[in-house]
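Enquirer: These protein sequence lines map, in sequence, to chains A and B.
Heads up: the first sequence begins at 1 in my numbering, then just goes up one per residue.
Heads up: the second sequence begins at 1 in my numbering, then just goes up one per residue.
Treat the hints with care, as some may be off.
Computed footprint of chain B on chain A; a stretch qualifies when at least three of its residues, placed anywhere within it, have a C-beta under 8 Å from a C-beta of chain B [claimed, not checked]: (1) 27-37; (2) 71-82; (3) 96-108; (4) 118-129.
For the chain B half of the interface with chain A, some residues (derived, Cβ under 8 Å), not all of them [stated by the list, open to error]: (5) R39; (6) L81; (7) T118; (8) V120; (9) E123; (10) T134; (11) F136; (12) P145; (13) L148.
Please keep in mind that the hints were generated in silico from the structure rather than gathered at the bench.
Just so it is clear, CB atoms sit at the ideal spot from N, CA and C, and this is done for glycine as well.
There are 2 protein chains.
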Amino acid sequence: MSVNNSEALEDCVDEPGERSERLVASIEQELSALFRRSRSASLRLARRVHPEMDAAGYALISQIGLGTGAGVRASDVAQVLGLDKSTVSRGITQLENLGLIERIGDPDDGRARLLRLTTVGAERYDAMRAQRQTEFRAILATWSPTDLSDLGRLLARLNADLG
Amino acid sequence: MSVNNSEALEDCVDEPGERSERLVASIEQELSALFRRSRSASLRLARRVHPEMDAAGYALISQIGLGTGAGVRASDVAQVLGLDKSTVSRGITQLENLGLIERIGDPDDGRARLLRLTTVGAERYDAMRAQRQTEFRAILATWSPTDLSDLGRLLARLNADLG
Chain A
1 MSVNNSEALE DCVDEPGERS ERLVASIEQE LSALFRRSRS ASLRLARRVH PEMDAAGYAL
61 ISQIGLGTGA GVRASDVAQV LGLDKSTVSR GITQLENLGL IERIGDPDDG RARLLRLTTV
121 GAERYDAMRA QRQTEFRAIL ATWSPTDLSD LGRLLARLNA DLG
Chain B
1 MSVNNSEALE DCVDEPGERS ERLVASIEQE LSALFRRSRS ASLRLARRVH PEMDAAGYAL
61 ISQIGLGTGA GVRASDVAQV LGLDKSTVSR GITQLENLGL IERIGDPDDG RARLLRLTTV
121 GAERYDAMRA QRQTEFRAIL ATWSPTDLSD LGRLLARLNA DLG
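Generate the whole structure from the sequences, applying the supplied hints.
Expert: Pasting the structure below:
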């Protein structure tokens, strides 16, 4: 039987600073797990919108779907997602070929083109979002109001502090 | 001066179920903000590893960097990231051209190739990770042990419930 000596040692010399260090390390691990979970959920959610869309397409369509319907610039999508223009360009062509997004003229700039969801794209994207929201709410329905309130407050603080 | 009537109305008819619904909605918003923040941080972190790497390359190198040094299969990387093989294939070629990753023979399958970081890739990736960890720890150093402990516990429960 193996004994975790380093952990046993830590328990012996535990000080407030060391406890915080371990708590922060555990938050880092949980956030990494949450981001991994979000990435693998992206493929599942993408497939709901279209069987030929992957996680990269999902990130793109989510960003375009946030728009008001008046259209968004490809360069803005690239900037928000932190992607090279060539990567975004390939993804846009793919979503266009699947009939999920379309290019329209930019009323503010005759030479520019904006991206927006097609009617079919918007229907499928909205259906996926509604289903995702229902599932998420069902999972948190078992939580106490105190835990919900604490998680919301602490996530808000985390976002503010990271900003 | 405009008055938010719908919010005022909600306050009048507030019931425990409605309070939970609003708390869940606020958690959804905070998680969305956190994921957006993580995506835009990806580009910044990618640039630290290599000025020509974008967020897509960052996701790839992070997955390859998780390996033990013995190498990982491109198909496993694609599966974890929820990406099509063609998307991953393009990204791998890019990272190879930047000198950050290399292909090696798979000892278990003579025909297959595995991916691993080059010496330079590993050095830059490790330096970026160490810097990211230092920054994250500095941010959370101002939190009370109670808040740290609550956030860790609630994120762990969220991960478990989403699993």
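Enquirer: Tell me, which hint numbers fail for this structure?
Expert: 3, 4, 7, 8, 9, 10
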